[in-house]
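Participant: Work from the hints to combine the two standalone chains into their complex.
Residues per chain, in single letters:
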Amino acid sequence: MNETLVLENRSAPVRTGTAVRLTGVAKVHRTDRIETVALSEVHLEVGEGEFLSVMGPSGSGKSTLLNIVGLLDRPTEGTVEIAGQAMNGLSDRELAPLRNREIGFVFQTFHLIQDLRVRDNVEIPLLYRRLPRGERRALAEAALERVGLSARMGHFPAQLSGGQRQRVAIARAIVGRPRILLADEPTGNLDSRMGDEIIAILEELNREAGTTIVMVTHDARLAERTNRIVRLFDGRQVQ
Amino acid sequence: MIGHYCRVVWNRKRANALILIEVLVSFLVLCVVFSIAVHYAENWRRPLGFQYRDLWSVTVRIPDRGSDPLVEARNLETSRALLAALRGSPEVESATPAPNAPYSGNVSRSGIYLADRKLVQFLYTPVVPGAIEVYPLELVAGRWLQPGDDVLDYTPIVISQNLARRIFGREDPLGRPIEEFDEQGQPRPRPEAWQQRKVVGVVKDFRKTGELSDTPYAAFVPQSMADATRSAAPWSYLVRLRPGTSGAFEESLLRSLRSVGPTWQFEIKSVARMRASYLKARLLPLLIGATIAGFLVLMVGMGLLGVLWQNVSGRTQEIGLRRALGATREQVRAQILGELVTLTLLALGLGVVLFLQVPLLGLVPFVEPQVFGLAALAAVVAILPFVLLCGLYPGWLATAVDPARALQYE
Ligand SMILES: Nc1ncnc2c1ncn2[C@@H]1O[C@H](COP(=O)(O)OP(=O)(O)OP(=O)(O)O)[C@@H](O)[C@H]1O
Ligand SMILES: [Mg+2]
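Quick note, the sequences are listed as chains A and B, same order.
Letter 93 of the first sequence, counting from 1, is numbered 93 in UniProt numbering, and no numbers are missing.
Letter 213 of the second sequence, counting from 1, is numbered 213 in UniProt numbering, and no numbers are missing.
In isolation and in its complexed conformation, chain B is listed as follows (with noise of 0.2 angstroms):
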């Protein structure tokens, strides 16, 4: 029995062909609708590392930038009257120097080379002590950078639990050096002593670039205040607001900024107004996108239930001679169903091993693996549920008439 099955199963290579390649295609488009939507939920799901309200993003544009340094020194002059007068006001709980406000759209990025040849890059963050509470941040092992780090003989360096792992793996970050490599792989030496970084802490993962992207490496070092060797003047501040400040503070903070430095010129921006202005940049496409995965499935789901339509209900005639030779009504359903389990689970199976493929090749790095065995899984519980109905609603319908009928059928 299960050999006749089988061999009517292969002599329609075919049909079944056809059946396999179309439950194959909608199962991957499927996986692939589904890994972007895992994707994005799971990004908006996870804690962004620090809060937007009340946070307030201050540019500075400073006039006579020069490699100069004596203009510079002054310039970090200025600055250091700066973040004392954002600190002064009575409105700012905290502020620090930060290159890049949170949604911004803007990042500065380093990059280094690890041992197995590849580059990692992460924010890399100037900040000041006090930045841990102008984000604030949360810190999950070691120190927060302290005031005097920005002299040391080496730069401490406070990183992200994601890069930790990244360079470290499982080991203790702490006290490590970070060790950069050329391109082929040989240890790079650094220039200064100051300038070898050494992890002193790590916070948890920071994801400034907003809540549909994914999780950056981040590191923060010491900005110096007092050393323009060391540092160059900030050109971006953020500050923490006391909760329920209004708007018109703005108007005041700018006036205390121009007497502070009366040729720079300052724009002061709302971080949650950025976000929101982010957000709308951003769904909309995402809106699109989603629009046309809807119409994508759609399409592959009329697809797939044609074919099976088509195929199960082109055999009406062959269930209507089976049960004229003697098959009971149960009998025909269960060949087809068997039939139809057979190539589905053989589509799907193919369909698993290929998507399966893209992270285990790493072919979509910056997605995490467990998403796309999320994916493939929503997938398989969508699609056969769907091809076991359009199955067997024909072939219940071939069966459910009398053998004469059912042969009668064109």
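Isolated chain A, as found in the complex (with noise of 0.2 angstroms):
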């Protein structure tokens, strides 16, 4: 287990304040008549430029914590701070801002739309940024060409291969050069080599822009490369 912060290798200025903290939280899903506890008592907190893997049994509440902290769920109880700024009872209006600059997210099952070349899918956090449009494509082209996909930016998102579909994920995820970048399995449905070119992009990414990083993995082979692993299980922080 690699718990100490590695600091030695970033060319970014060196932060040292709090990307994310989150207090007490606990997330309860209320269908019908069951109640599932998907999360209870997490308290955690993300320095900036920090490299954190998130692992735990399927169904631990990986993607919840990971929603939780990307803006995309409200916790049933406990405070979320994002840079030192609670998030509770914020309006849709004022998350919408923080979604779109401060965080990138990676979905575990890459929600790109099927309708739009690479291209357009990953303009789309610019869209709602009022950048003109030639600076969105310029900044899109740069991002695809960063994880490696510029021969496929007129492509449908059917026609890419599941490693290039996640690779145009996480374009989407970078386009905006977010300050966290939240990646769900992003490495899920990739062989070793695969995930191992992925992963060099998320180490690249967090040494060079000092993006603070927070990714789930069932890879302990990956895991142990990150600054630092959080389990779950059951809904708890076991570490």
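Simulated from the structure, these hints should not be mistaken for lab results.
The model shown is predicted, which means the values in this text are computed figures rather than measured ones.
Think of the CB as a built atom: it goes at the ideal place given N, C-alpha and C, for glycine as much as any other residue.
Possibly wrong hints are sitting among the right ones.
Unchecked claim - Far from chain A, by Cβ distances over 12 angstroms, these chain B residues were calculated:
1) E42
2) D64
3) E251
4) P262
5) P285
6) L286
7) M299
8) A406
What the hints assert, rightly or not - Which chain B residues face chain A? A few, computed with CB under 8 angstroms, are given here:
9) G3
10) H4
11) N11
12) R12
13) V140
14) Q317
15) L321
16) R322
17) A324
18) L325
19) G326
20) A334
21) T342
22) L345
23) E410
Facilitator: This is how it looks when you write it as structure tokens:
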């Protein structure tokens, strides 16, 4: 277990603030009769520039945790702070720009829009920033280049392999240069060689841009390469 | 941004084409249903041009009706006596020979070709001067038929307003001959001078065929009661009764008619009663038609609802995704609204252009063009809010939940 912050390698300015702080976070999913406790009593602090892994068995609440950090879901209990700012009680109109600028999200199931070309998919976060068209295009192409997909910009998602789709999803998550990148099993559907490539991209981002990264993974080998591992079991933080 | 949305719409050609077609079909179905409804409503609303209350129809069967001029002359003489007998009754206000009572379902028409080689058919009604009070008709220009008209060296003719408009357009029809042409558009000469028709008067439209029918063209010409070479003995009369005359009068009228023409057979019918059975016969199919139309509209509405609902709720994940990537609720809703409005307006525009070909090409000539315009407008007014409601509601549902829930939607 590598639980110390590795700061030496970073060329980006060293930041020492807290990127994410969860205090006493619980999430209960209520459907008609059944109440599922997806998370309870989670305390988590992620430092700026940290690369953190979240591990745990299926159904242990990893995605739920990431959704809460990514402001896609609200906790039933507890507080969420992003860059020192409390998120509780913010309206949709206040949350939207935070999701847009602060956070990049790589979803477990990619969530690419099938009817849009790769380039247009990657551009989406920039649409909600009033950037001129040319600039959006240039940024999207740069992000795709970064994940090694320059040659596939005009393709539709259905024309790509699983790994390529994963990389499109990463390009979309980083196109807006978020300070926090949340990746839900970014290597889940990939062979180990492709998985290594993806991790290399994340590591580079973490190293060079100082992006804070929280990654859910089942792969202990990949988790070893990150600064710290948080383990969940049955919605509880066990480590 | 707009470019992005246009790409979204364009790349979803198939799904959007389905919506477009669904809206278009719904629009056209509504247009047809509304046109028929408006057409009938307009017909119902328009004045009949005569009074069916206290009006009786008398039909006669003349046994020895032949080509023998002597027999015809005798028949005409009996008819004269018959008309006098009808008029002589204190219960009768006025009477006239007139072919085919209103609502009888039968009409006598005459057709002529105009210079533009189009055939115009009109109700051809030989009557005596008193007929204007029998119906009663409303004269709007010129004069009504008068005694002596049946012996002129031309045939004076009184036409309905719509026929005047059809033949003479905006020009004054009074004093004008009604020229006939053959199918090639060449003037057709009249064999006898007295057969040349000249317009002497114009009456308001005369809707003998009833309030559910279109307005026919109509013309009234003199019925000669003296000259069998000009007019045959009439086989039908209309009798206007004094208001409040009871049905019992029928028996005594029949008796006096039989005394005039003992070998003739008579049948007396109340026009009001004929109207009642006419309406009964016509309203039932209309009602069935309306029910079918109602189901059709319902089905079209459900189809549209289904397509829209499926389309928008099928995009719940996309909606969640866009919000996860930084769109506000309002932005996502505006996008859905924009797409729907664009598609709907496209479909409706196409539909209007298609549907207005019906009046423009004159495909259904007996229905006035503005009926189609009104129906198209009503269809637009009905469809636009329906589409927006059906599309925006699932969109609203998808944006109401947190993005994480929307992304989980299957
Ligand atoms: N919308 C929901 N309604 C009800 N229960 C839910 C909902 N979403 C998640 N859960 C439940 O919450 C628990 C945690 O789910 P979560 O998706 O966070 O697990 P996970 O650790 O990401 O699992 P996996 O490794 O399989 O992705 C599960 O028991 C799941 O069934
Ligand atoms: Mg998960």
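Participant: Hint by hint, note whether the structure agrees.
Facilitator: Hints, one by one, checked against the model:
{"no.": "1", "hint": "E42", "result": "holds (47 angstroms)"}
{"no.": "2", "hint": "D64", "result": "holds (86 angstroms)"}
{"no.": "3", "hint": "E251", "result": "holds (80 angstroms)"}
{"no.": "4", "hint": "P262", "result": "holds (90 angstroms)"}
{"no.": "5", "hint": "P285", "result": "holds (48 angstroms)"}
{"no.": "6", "hint": "L286", "result": "holds (47 angstroms)"}
{"no.": "7", "hint": "M299", "result": "holds (29 angstroms)"}
{"no.": "8", "hint": "A406", "result": "violated (9 angstroms)"}
{"no.": "9", "hint": "G3", "result": "holds (7 angstroms)"}
{"no.": "10", "hint": "H4", "result": "holds (6 angstroms)"}
{"no.": "11", "hint": "N11", "result": "holds (4 angstroms)"}
{"no.": "12", "hint": "R12", "result": "holds (5 angstroms)"}
{"no.": "13", "hint": "V140", "result": "violated (65 angstroms)"}
{"no.": "14", "hint": "Q317", "result": "holds (6 angstroms)"}
{"no.": "15", "hint": "L321", "result": "holds (5 angstroms)"}
{"no.": "16", "hint": "R322", "result": "holds (7 angstroms)"}
{"no.": "17", "hint": "A324", "result": "holds (5 angstroms)"}
{"no.": "18", "hint": "L325", "result": "holds (5 angstroms)"}
{"no.": "19", "hint": "G326", "result": "holds (2 angstroms)"}
{"no.": "20", "hint": "A334", "result": "violated (12 angstroms)"}
{"no.": "21", "hint": "T342", "result": "violated (16 angstroms)"}
{"no.": "22", "hint": "L345", "result": "violated (21 angstroms)"}
{"no.": "23", "hint": "E410", "result": "violated (11 angstroms)"}
When each numbered hint is compared with the structure, violations occur for hints 8, 13, 20, 21, 22 and 23.
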